[in-house]
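A.B. asks: Below are the chains, spelled out letter by letter.
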Amino acid sequence: MITVENLTKTFPGSTGQVRALDGVNLDVAAGTVLGVVGPSGAGKSTLARCVALLERPDSGAIRVDGTDLVSLGGSALRAARRQIGVVPQGDSLLRQRTAAGNVALPLESAGVPGPQRRTRVAELLDLVGLTDKAGSYPDQLSGGQRQRVAVARALAASPSVLLADEPTSALDPETTGSVLTVLDRARAELGVTVLVVTHDMGVVRRICDDVAVLEGGRVVEHGKVLDLVSDAASRTAASLLPAVDQNPAVERSYDRVADVVLVGFAAVGALLPEATSRFGVELNLLGGGLTRLGETPVARFRVGLNGERADSALEWITEAGGAVRRTPTGPQGVAA
Amino acid sequence: MRKATPWSTVFDYLVTATGETLYMVAVSTLIATLLGIPVGVWLQLTAPGGLRPRPLLHKLLGFVVDLGRAMPFLVLLVLLTSLTRLVIGQSIGPTAAIVPLSVGAIPFVGRLVQNVLSEVHVSVVEAAVTTGATTTRIVRSVLLRESLPALINAIGVTAIALLGYSAMAGVLGGGGLGDLAVRLGYQRFDDRVLWSTVAVLAVIATLIQFAFNRAARAVDRRRHASV
Chain A
1 MITVENLTKT FPGSTGQVRA LDGVNLDVAA GTVLGVVGPS GAGKSTLARC
51 VALLERPDSG AIRVDGTDLV SLGGSALRAA RRQIGVVPQG DSLLRQRTAA
101 GNVALPLESA GVPGPQRRTR VAELLDLVGL TDKAGSYPDQ LSGGQRQRVA
151 VARALAASPS VLLADEPTSA LDPETTGSVL TVLDRARAEL GVTVLVVTHD
201 MGVVRRICDD VAVLEGGRVV EHGKVLDLVS DAASRTAASL LPAVDQNPAV
251 ERSYDRVADV VLVGFAAVGA LLPEATSRFG VELNLLGGGL TRLGETPVAR
301 FRVGLNGERA DSALEWITEA GGAVRRTPTG PQGVAA
Chain Y
337 MRKATPWSTV FDYLVTATGE TLYMVAVSTL IATLLGIPVG VWLQLTAPGG
387 LRPRPLLHKL LGFVVDLGRA MPFLVLLVLL TSLTRLVIGQ SIGPTAAIVP
437 LSVGAIPFVG RLVQNVLSEV HVSVVEAAVT TGATTTRIVR SVLLRESLPA
487 LINAIGVTAI ALLGYSAMAG VLGGGGLGDL AVRLGYQRFD DRVLWSTVAV
537 LAVIATLIQF AFNRAARAVD RRRHASV
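Quick mapping for you: the protein sequence lines, in order, are chains A and Y.
Numbering-wise, the first sequence is residues 1 to 336 according to my numbering.
Numbering-wise, the second sequence is residues 337 to 563 according to my numbering.
FYI, nobody ran anything at the bench for these hints, they're computed from the structure.
Computed from a prediction, not measured in an experiment: that's the story for all the values here.
Backbone N, C-alpha and C define an ideal beta-carbon position, used for all residues, glycine too.
Among these hints, one or two may not hold up.
[Claimed, not checked] Pulled from the structure, derived: some chain A residues nowhere near chain Y, Cβ distances all over 10 Å: (1) Gly85; (2) Ser92; (3) Arg117.
[Unchecked claim] Covered stretches of chain A, as calculated for chain Y (at least 3 residues, CB under 8 Å): (4) 93-106; (5) 284-294.
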């Protein structure tokens, strides 16, 4: 649906040119949510501004439905902007307009006549759960409510892509939840493709199908969240999965020690008990835990195994879909 | 010592002069507003970080505006005599005074308006940009509407400044309260006329301030959450 191709952007800095984006490629499938994460200064903001068509990249393309929007100008650019709904960073509502008036702004830009505009505004305020606040002014709304109005405004002109730039950065954990729920609902009910730029891995955990990790202006990791967490070496796994503590004294008493990542209801519920019974091994959980990515339960456990067929059990877990990594601290090959 | 002018005559003078002053201030404020707002919008649009950044044009325009503001009003009055004669047909009287008053206030309004518009937060403007709005629509629905309360206050400040300037214009044949105060009050040592003129000017200034404050508050939709 939206692809970013080889995007570069350089800014003049005090010590020469600063390369904010250095060949960024992204691909977001229709109806999915991509989270772009990374530390401060990684280029997230610049990327968001380029995708919002507020900043012109030095080179590269931003394609929505195959059409490159970067090179457009004038009325073609204004039309293109309507394809990408933007929830900007920070407070962006008109303080002299009601919530409904704010949501109506993109419809006015698009030339939608009054009666249709009112119907559409009502639909969107309903989507974000603020029907009763239609006549309230931004100063009468809480931070979370204002951000939901901003989401409704971004969705008003029926864009195919929704871009949210740090939508939760100024919010407390509770209101963050309400804003994320609204973003998720937009995808589910309107089928819109969502791109969220955020420093908060909690956003990725809650609503993202895919994740792209940005560092030094480059994408260093890009894929499905559930695939990436199975790769123990990935940054996504490191920041989303429960930590496992080292405990060498305990680990020495096992023939094999391994970290196992399990994804999905079936795997989390049954894989380890079944391995135990099938191979007649003793399998104990030494650390780690269970979490949830979107709707999917995901676990990372450190397990210790005793028994002759411990290796076979680990192989079987791998074949059954678990990601197994033997820890270097484990007494590998002792019992062979 | 001459006898003081009778109160009834002072009153007649005051009524006529007040009418002339109000006429001069009202019309020149209106003209300065109508012409000064576009100047302010233009200054803000061409500013670095504005919607249509044109640094060179912005600097040039800014220079002209600041030159206009730096010009002593008395000099402007004299300078514009021929323009006034061209536009109005004469260079004496309240109507003639409106020309230099308006011209002098345009750069003043322009700067005030630009300052006010620059207070609209950049994220608010960019949000409107991302909706695909034209620059004209953003100026109208976002920049001007969002800063309407501050704009009204700025025009109030202009009106009071013009009240002061109108007194100066009065001395050079414009009529009005300034003329009355100087010709009858000061030059003829009539303290009664002088001080009653000052009192009327103070009342007018206060009323202008009050009216514009009220209007600004009436259009302001910003409220604190507790209200």
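A.B. asks: Each hint should be assessed against the structure and marked as holding or not.
C.D. replies: Against the structure, the hints come out as follows:
Against chain Y, the non-interface label of glycine 85 of chain A is violated: not every CB pair exceeds 10 Å, the least being about 8 Å. With 10 Å as the threshold on Cβ separation, the claim that serine 92 of chain A sits away from chain Y is violated: the shortest Cβ distance comes to roughly 4 Å. Annotated as non-interface, arginine 117 of chain A keeps its C-beta farther than 10 Å from every C-beta of chain Y; the closest such distance is 13 Å. For the region 93-106 of chain A, the proposed coverage by chain Y is satisfied: 8 residues have a C-beta within less than 8 Å of a C-beta in that chain, meeting the threshold of three.
For a cut-off of 8 Å, the count of residues in the region 284-294 of chain A with a CB near a CB of chain Y stands at 0, and the three-residue condition is violated.
Checked against the numbered hints above, the structure violates hints 1, 2, 5; every other hint is satisfied.
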